[in-house]
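Enquirer: Got chain A; can you put chain B on it based on the hints?
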Amino acid sequence: MELTGAEITVRCLAEEGVEYVFGYPGGAVLNIYDEIYKQDKFKHVLVRHEQAAVHAADGYSRATGRTGVALVTSGPGATNAVTGIATAYMDSIPMVVISGQVPTPAIGMDAFQEVDTVGITRPCVKHNFLVKDIRELASTIKKAFYIASTGRPGPVLVDIPKDVTQFTTEYEYPKSISLRSYNPVTKGHTGQIKRAVQMLLNAKRPMIYAGGGVILSDAAKQLTELARLLGFPCTNTLMGLGGFPASDPLSVGMLGMHGTYEANMAVHHSDVLVAIGARFDDRVIGNPEHFYQEERQIIHIDIDPSSISKRVKVDVPIVGNVPEVLTEMIKLIKASKEKPDQAALKTWLTQIELWRSRDCLKYDRNSDIIKPQFVLEKLHEITGGDAFVTSDVGQHQMWAAQFYKFDKPRRWINSGGLGTMGFGLPAAMGVQLAHPEAMVACVTGEGSIQMNIQELATCKQFNIPIKIILLNNRYLGMVRQWQEFFYGERYAESYMDTLPDFVKLAEAYGHAGRRIDNPAEVEDALKWAFSAEMKDTLVFLDFRTDQTENVYPMIPGGKGLSEMILV
Amino acid sequence: MRHIISLLMENEAGALSRVAGLFSARGYNIESLTVAPTEDETMSRMTIVTRGSDEVIEQITKQLNKLIDTVKVVDLSDGEHIERELMLVKVRAEGEWREEMKRMSDIFRGRIIDVTDKTYTIEMTGAGHKLDAFLEALDKSALLETVRTGASGIGRGERILKS
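Those protein sequence lines, which keep their order, are chains A and B.
Numbering that gives the first Met the number 0 puts the last residue of the first sequence at 566; the count rises by one with no breaks.
Numbering that gives the first Met the number 0 puts the last residue of the second sequence at 162; the count rises by one with no breaks.
Just chain A, with the same shape it has in the complex:
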């Protein structure tokens, strides 16, 4: 049977089992929207800005592991989506973005709402396609889903000219796909895995450093088993939180620029460091020169060969899918007669406890002003540590990472790589739609929330009852902190003057809100937000927090892991 390009597009999405498409209509995608109107296989969520469509698809993906889908029109629709695409790219999120394009004869003519979408997005997608021939439409969409979700995942964009959505062709959805130029490795090299296991068994001061790859590949179970089997301490990156339970005694929390003292010191002084689905980025190890000051052997497990030996040299590289490699390692360790040196391990863990006793996350608990850390501790307590927490970018993000102790993967959803302010609210929408019964909190700042505040309307339309935890300090807090530390307290443009009344704003969009000025009211407000009574209501909590609070510990730029500023 012959179908139009628009029908094919919609059929392909249904074939892929897509549940939600986040999008915004426009001229070039009208044919596709017309087909969406006629079908009931998936739901379309109308956002209020294309950036939010991509972030919502991203949040949906992070919370489920499935490929997120966004649909935007040509020109400004596509350019608005770029920040969202780049965000997903930096954090390796599987996603397919479908963009409309002007009709093929108009391409290159500076047509209305024309932009070179494939060109603009090329540096921030895993791959992209311009479909000029309707006969290639179905196979291209199949390829897009395949590429997005395999290997190191990432966003794939499919640009479809309007005339291609009108033309008709015989439709058949390919059952499988194979690309001669794309064959991601999954199984690690057996010899390298053996070497790695031997190195681990000989370690005196071992450290596991686990990143977002553990979350993306659903390897939390294997990671936890490996760490407990060996009795080795584990630190997680910002992207890896929840990959190993924060409540486990072997957890030393997050490492990096705002990581814990114990995590950073332990990584710095380890003799064998095993990096799992992590990439030694600048916010994690700081200056590589300083990282090299201490000698250690490094094992690096990653599905992306280009992540290995990019910033630091490693001794045992293992390219492969994390859960498969870890399963192999666990098997070998169990089969081995050797055990790690228990006396050395005990000394090492004692040393780590000594570092931990510095209590690097301490803050003033007797303050008359609301401390942001306190709000997050209470949020953890009241949600029983079981909420999905999205965040924006800045101080609140770091505090959420430090104080909400994640025991499960896919619960912590933030823009770690690109650092996109405006991510939290739309991402939370995707999370809540994926998990309608779950508690979803969006921890944000008054700077970030205003970058996609229009999505409060989307939340109303689609009954998305997320809880917005605004840590409002009337400053772009992280900018303010850097200005205080490194710019002689010259607070250039970091003060957020003339803020809206957020409670009234939430109410204007049809939601509920409360302003909290006093530490004594914090618990009550959170209880109210997560109460049965408010279960189906979006609640916007505007916490007026301490304006001068800083995120500690902190590794200043260009320094190493052992050079933290502590409270």
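Nothing false has been slipped in among the hints.
Lysine to aspartate or glutamate pairs mimicking EDC-like chemistry, simulated, CA-CA at most 16 Å apart:
#: 1; chain 1: A; residue 1: LYS309; chain 2: B; residue 2: ASP53
#: 2; chain 1: A; residue 1: LYS312; chain 2: B; residue 2: GLU54
#: 3; chain 1: A; residue 1: LYS407; chain 2: A; residue 2: GLU224
#: 4; chain 1: A; residue 1: LYS312; chain 2: B; residue 2: ASP53
#: 5; chain 1: B; residue 1: LYS61; chain 2: A; residue 2: ASP303
Keep in mind the hints are simulated off the structure, nothing from the lab.
Expert: Just chain B now, with coordinates in the frame of chain A:
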């Protein structure tokens, strides 16, 4: 160190810009880049001449491999290989230059492929340094125009780059 990297890519629109974009986005050097379809017209063969430390070259080959359209990458500098570049040079060919230019072209095994009263156009192939040497040897005031293709490379003997 100078490296000559060969790659086979799907002959898709945009493949060249993916490679060029990768080099500029990651700040890698690119001395020359040549590209054309192969005997299998679904594939293009590209030769890139670049410079960098061992670590940088390792990253370059990994990043090239990561491109979805890349079928195969090989650093020809890792083994025995041949490289050739084509150059067209237009020179003055009046008066005393006429004999001199013919002689120079012969010495460097060039071929004069276009002749006017005032100019010769010389075609020359060879490794890049030979072409450099020819330009070096010419009197600059006789040199009117040069155009070079950049290097193409191939492994020696049984060393074959195929999908």
